[in-house]
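Enquirer: Construct the complete structure from the given sequences, taking the supplied hints into account.
These protein sequence lines are chains A and B, in that order.
Residue numbering for the first sequence is 1 to 334, as defined by my numbering.
Residue numbering for the second sequence is 1 to 334, as defined by my numbering.
Hints are computed from structural coordinates only; laboratory data are not their basis.
Treat the hints with care, as some may be off.
Any copy will do: because identical chains look the same in the list, a pair fits if it lies in one copy or spans two.
Pairs of lysine-lysine residues, derived as DSSO-like cross-links and limited to a Cα-Cα distance of at most 27 Å, are as follows [what the hints assert, rightly or not]: (1) Lys291 with Lys145; (2) Lys265 with Lys139; (3) Lys201 with Lys265; (4) Lys58 with Lys291; (5) Lys58 with Lys201.
Note that the coordinates shown come from a computational prediction; the quantities given were computed from them, not determined experimentally.
Protein chains: 2
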Amino acid sequence: MPTSTQIQLIARPVGWPTHDDFRTVVVDLPDLAPNQVRVANEFLSVDPYMRGRMNDVKSYIPAFRLGETMTGGAVGRIVESTSPTHPVGAVVVHDLGWRDVAQGDAGAFRVVDEIPGVPNSVFLGILGMTGLTAYVGLKYIAHLKPGDAVFVSGAAGAVGTAAGQIARLEGASRVVGSAGSPDKVALLTDRYGYDAAVDYKQAPIREQLADIAGDGIDVYFDNVGGDHLEAAIDVMSQGGRAALCGAIAGYNSTETAPGPDNLVKIISRGLTLQGFTLGNYAHHFPEFAAKMGPWLASGEVVHAETVVDGIDNAVDAFFQLMRGANVGKMLVRI
Amino acid sequence: MPTSTQIQLIARPVGWPTHDDFRTVVVDLPDLAPNQVRVANEFLSVDPYMRGRMNDVKSYIPAFRLGETMTGGAVGRIVESTSPTHPVGAVVVHDLGWRDVAQGDAGAFRVVDEIPGVPNSVFLGILGMTGLTAYVGLKYIAHLKPGDAVFVSGAAGAVGTAAGQIARLEGASRVVGSAGSPDKVALLTDRYGYDAAVDYKQAPIREQLADIAGDGIDVYFDNVGGDHLEAAIDVMSQGGRAALCGAIAGYNSTETAPGPDNLVKIISRGLTLQGFTLGNYAHHFPEFAAKMGPWLASGEVVHAETVVDGIDNAVDAFFQLMRGANVGKMLVRI
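Expert: Here's what the structure looks like:
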């Protein structure tokens, strides 16, 4: 009988999660019912938002259930099918998460067209929800327009590497970013099209950002929160717009941290801070994919990813993500 | 020779201003040149924004100059004129500030139509920049729509008393506010149309607001900042919008204060915080006045003001404003 190896959450972490909060199970898979598929996963997505779902609090998406398999984005290939719309060999994206083999009704799996020369992992990253997050934040939250100067915090992350490249292709005059190591900073300017970048672990971001902000920042894409938001407000131009996408700085804190000390500048400079989660903006996916597909195929956009091999290392991959050990999208390859 | 008694700023306050920061001068007035007017002021405006202008820092409006007469809104009646467009007896609004008699080119004085039964002080308050600030904040910053639940902080102030009434007339389902004394709280519900109000000096605003916020706040009009903004974010509904208009809580601080500890909710709830100053929105005045004039004439809106008599008490009036001793618009009657 075929089996599926799966990772389950068994305890709600307080502060930083540990291995004791997870377990691995091997599940027997029944025969397919009509109109179902069995999928051999190729890549699993691990994402910052998952930390929030490990807490049992009311949020925009429900908490993970204890004793059940971690859900999340995954891409794989159909190996068995009773569905006329989902043939064996097709590549599919789904949300069944941390398991090596996924199985269920065909409707839960979205067939995608492979792009020649580009790995299927992009459907979890720059050509998936990650890239869409960057696009929506820039275009529909911060209302990026040609000529704007853009700052992206956490710029070496999955959303950040996408945001910098999208901003440039959408006409930004200048794109600067922050990241957490000298290597990442170098990648931002060498590979991901940033004009300047700083290592926020070397000195206070507030001082460093002032040095690279030029005449001021029109659009701020915030993946970090905390001191980064404060630093950005300092250098934002009259009428500047901030898209608040993530606040990874505080995700593992057991205490709340005070906010920026300079919010009064929001008034004097007429700034707008808008938070968003992708749920309300998923309808922009076709518009986004129609741009990003060709950008990837032509090489105008390069995808960034950090890959960990093996389902048994999924929890470690998540911990690495939380510590910022990744560049670009963090993935588990099965 | 006619004279004008004027109040001048002579030192930049550090923290709370004192009488030593001001002086009174009596100035001889020359004969009128062609196309000029002399105006006997009836009311002078004292406003929270003036505190910011006493500091020598770059802001959206320039700092007051030391040794010059305090500028600001005023309304009076023309007593002498060499202008064909500005006849003796006309009521005019101008920005020449803290003086009993104002004189200058006619173009600096805007003729207004008196409203029967309504004092001319309204042109400095609810039918002037104060009312326009409330209107713009609700309509063009927070995008108030019928059915929204609204929270106004500093609700007994000039902008706050206007905002509550405008919100109701524009279709808000519920309007709640905060103020700094039991008397003010009573006025908000008895006279200015608030459904509920709390005294923020009695208990933490965060706790009290949660009690009166009902199913959540859609629109927050912020005159206070600090703990009030934090409290509002706690109770804002998905997609809520905050218009940040003032932060009087911090105007006399010599140190910066940390911001709200709950900004992560901006992301999860898709909130928008937008600051504004009236400069960029003054073109909405005709639309606003076309509504507010009839509202005042019919009694649908009542104006709120606290009047101090005598130009010699202008500085005291400003101090009272800073301490929150006023209800509604703070004015000096000449």
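Enquirer: If a hint holds in the structure, say so; if it doesn't, say that too.
Expert: Hint check results:
Taking the shortest Cα distances, lysine 291 and lysine 145 sit within 27 Å of each other inside one copy (16 Å), while across copies they are farther apart (35 Å). In the homo-oligomer, the alpha carbons of lysine 265 and lysine 139 lie at most 27 Å apart both inside one protomer (23 Å) and across protomers (21 Å), since each shortest distance falls under that limit. In this homomeric assembly, lysine 201 and lysine 265 come within 27 Å of each other (Cα to Cα) both inside a single copy, at 25 Å, and across copies, at 26 Å. Within a single copy, lysine 58 and lysine 291 get their C-alpha atoms no closer than 35 Å, and across copies no closer than 42 Å, so neither meets the 27 Å cut-off.
Within a single copy, lysine 58 and lysine 201 get their C-alpha atoms no closer than 33 Å, and across copies no closer than 30 Å, so neither meets the 27 Å cut-off.
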